[in-house]
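**Student:** Counting from 1 along the sequence shown, just add 379 to a position and that's the residue number in the numbering used here.
One should not assume that every hint holds.
In silico lysine-lysine, DSSO-like type, Cα no more than 27 Å apart, as pairs [unchecked claim]:
| # | residue 1 | residue 2 |
| --- | --- | --- |
| 1 | Lys449 | Lys529 |
| 2 | Lys854 | Lys630 |
| 3 | Lys648 | Lys613 |
| 4 | Lys453 | Lys478 |
| 5 | Lys917 | Lys939 |
| 6 | Lys572 | Lys431 |
| 7 | Lys939 | Lys431 |
| 8 | Lys645 | Lys612 |
| 9 | Lys554 | Lys453 |
| 10 | Lys881 | Lys918 |
| 11 | Lys648 | Lys606 |
| 12 | Lys648 | Lys635 |
| 13 | Lys449 | Lys554 |
Simulated from the structure, these hints should not be mistaken for lab results. Given the structure is predicted, the values throughout are model-derived calculations rather than measurements.
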Amino acid sequence: MKNQRLSKKMIIGGIAALITISGIFFLAYLDHYSFEKTMVFQTQQQLLMIAKTTATRLEEYIVEHFESLKTISKNPLCQEDIYKKIIQDKSSSGFCPIKNLHEIHKDDTDALTTLDANGIMLHRHPFIANKPGMDHTDKPGVAYVLKHRKPHISEAFYNNLGNPAISISAPVFYKDEFAGIVRWMIQLDTIYKRFVQPMEVNENSCSWILDDSGTVMAHHNSEELCKDFMAVKKERFPGHDWSALENMIEKARRGKEDAGSFDCPKRGKRLAAYAPVYAGNRLWSVGISIGYSEISGPINQHAVKTLGLASITLLLFAIISGAYYKTQKKKTALEIETKYLGRIAKSAEALQKVCTELENKNKETSKLSKKLLYLQERDRQQLSMELHDQIGQTLTIIKMDLEMASNSILSLSPESRNKLAEIGNALVQAIREVKNICHRLRPSALDNIGLLPSLTILIEEIEERGGIEVEFYTKDIPQRFNPDIEIAIYRIVQEALTNIVKYADAKQIFINLILRGSIISLGIEDDGIGFDIDDVLKKARTTGNGLGLLIMRERVDQLKGDFSIVSSSGQGTHILVEIPL
380 MKNQRLSKKM IIGGIAALIT ISGIFFLAYL DHYSFEKTMV FQTQQQLLMI
430 AKTTATRLEE YIVEHFESLK TISKNPLCQE DIYKKIIQDK SSSGFCPIKN
480 LHEIHKDDTD ALTTLDANGI MLHRHPFIAN KPGMDHTDKP GVAYVLKHRK
530 PHISEAFYNN LGNPAISISA PVFYKDEFAG IVRWMIQLDT IYKRFVQPME
580 VNENSCSWIL DDSGTVMAHH NSEELCKDFM AVKKERFPGH DWSALENMIE
630 KARRGKEDAG SFDCPKRGKR LAAYAPVYAG NRLWSVGISI GYSEISGPIN
680 QHAVKTLGLA SITLLLFAII SGAYYKTQKK KTALEIETKY LGRIAKSAEA
730 LQKVCTELEN KNKETSKLSK KLLYLQERDR QQLSMELHDQ IGQTLTIIKM
780 DLEMASNSIL SLSPESRNKL AEIGNALVQA IREVKNICHR LRPSALDNIG
830 LLPSLTILIE EIEERGGIEV EFYTKDIPQR FNPDIEIAIY RIVQEALTNI
880 VKYADAKQIF INLILRGSII SLGIEDDGIG FDIDDVLKKA RTTGNGLGLL
930 IMRERVDQLK GDFSIVSSSG QGTHILVEIP L
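Whole structure, please, built from the sequences with the hints as guidance.
**Tutor:** This is the structure:
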């Protein structure tokens with residue numbers, strides 16, 4: 380009987396052991412799968428951020444040249460210059476705005492030409508002797524402007540020098556009559572070096588720009604330029620399934636951003652991301668991909684660690700099982716084990732309680748942070764008003780009284796009058812400082828005329844005070860909207876510019892404020908020395924230095940937005956904020 384009971388217990392123990400082993404390996408598999416999924420998602424989001432940032436910069440580049448060309452086409456000197464070249468076969472003397480425009484952009488474009496109303500070249504900057512007089516009616520973009528009299532960005536083509544390029548053309552009118560065309564020529568190699576090449580971080584990465592028809596505008600392989608992106612791949616690898624990549628490109632052609640993965644027969648699995656570029660009358664897209672091998676190393680290391688833990692767990696389980704069967708008749712061992720399990724249960728219950736308390740404290744801390752930010756802004760506003768209305772007015776009255784006293788006391792010596800003048804100057808400086816302090820505490824423009832004028836004033840002050848060039852680009856931002864979002868954006872820009880002036884040693888700052896659907900997107904980028912983000916955050920939490928970064932993140936969190944910052948030594952800093960209206 381005892382042997383039969385022992386056999387039954389052995390069978391039950393064996394079944395339990397198999398179930399436990401299966402459960403351990405299943406949990407290890409789930410952990411590995413979750414880790415891999417997280418790594419892929421984070422990498423795709425980083426690629427998407429890089430693509431979106433590059434798309435924004437490329438869009439600004441195209442828009443800037445598109446608008447500058449439309450502006451120069453309306454310049455009276457430009458109109459008269461083209462008209463005189465046509466009618467009198469001579470150029471106007473003196474200042475040439477077209478040549479001046481070329482000088483400004485000669486480092487980021489390749490040529491600036493003017494054509495007459497029949498598409499015949501009049502000027503070329505830089506000058507090439509045999510070019511004026513050539514017929515350009517068959518050139519991409521020229522025929523469109525000759526027919527429709529509207530600005531136009533062409534598709535990719537090969538110019539007379541055999542280089543792939545695009546053109547940006549705008550009509551010129553003289554006394555309301557069509558007189559000719561001004562036309563940028565931008566080689567695709569220029570676009571590649573300026574925008575695509577910086578995204579290629581290693582040999583396994585690949586970046587490109589496509590137009591809305593899927594034609595390659597920029598790529599490290601010059602043989603693919605001006606060709607259909609997918610057609611080249613299908614021709615190179617016939618029979619391979621490119622559906623995943625085609626789906627992403629199709630979304631990009633419809634102006635949507637996307638991140639995903641696809642299989643390449645030569646490089647294996649790759650992670651990719653796309654972002655749209657609204658280039659005038661063209662819809663382009665920026666794409667970037669890296670090999671899955673870039674993240675496979677950490678994933679494999681995690682898998683090894685997980686299997687190691689599972690093996691250790693199984694070994695412990697085997698030891699405990701052996702000890703159990705050897706000591707199953709010992710009640711004392713069972714009682715000790717029961718008490719031990721009871722303590723573990725109590726510890727787990729206590730730990731759960733602590734976790735709940737921490738979660739509640741985090742919620743209370745979030746509410747307190749929001750309240751503190753509100754009180755800080757309210758106190759700043761009240762202090763600004765009191766300084767302006769009380770101290771500012773009092774100083775002004777004192778200055779007026781001093782001037783009246785100085786004018787009324789004619790017997791004062793020159794030294795006394797000079798002293799009174801010095802006191803008056805000091806009062807003027809004090810009044811100016813009070814106004815500056817009031818503006819820094821709470822700019823009145825933010826309450827009176829809105830966010831965009833306030834940011835413009837702030838940027839002008841930073842440029843004057845810090846000697847830094849700031850480019851500020853906005854799109855579709857309403858004149859007034861949620862006051863909490865307005866003050867948050869203003870304070871984030873203010874804090875970022877202050878930090879850049881103090882620490883970044885930057886020469887240029889780029890600020891973009893764009894409304895995308897129901898999301899306000901704020902981007903701040905500088906070309907400074909950069910910094911270690913983790914080190915700054917650690918110091919902010921331990922010593923209190925560098926709290927500005929935490930406060931910026933807290934402001935965005937309170938508005939249910941997203942805050943991200945990318946920086947490294949010598950690579951500048953890029954801040955991206957997205958807040959729902």
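**Student:** Indicate, hint by hint, whether the structure satisfies it.
**Tutor:** Here is how each hint holds up against the structure:
no.	hint	in the structure
1	Lys449 with Lys529	holds, 10 Å
2	Lys854 with Lys630	holds, 23 Å
3	Lys648 with Lys613	holds, 17 Å
4	Lys453 with Lys478	holds, 15 Å
5	Lys917 with Lys939	holds, 24 Å
6	Lys572 with Lys431	holds, 17 Å
7	Lys939 with Lys431	holds, 21 Å
8	Lys645 with Lys612	holds, 11 Å
9	Lys554 with Lys453	holds, 11 Å
10	Lys881 with Lys918	holds, 17 Å
11	Lys648 with Lys606	holds, 24 Å
12	Lys648 with Lys635	holds, 23 Å
13	Lys449 with Lys554	holds, 16 Å
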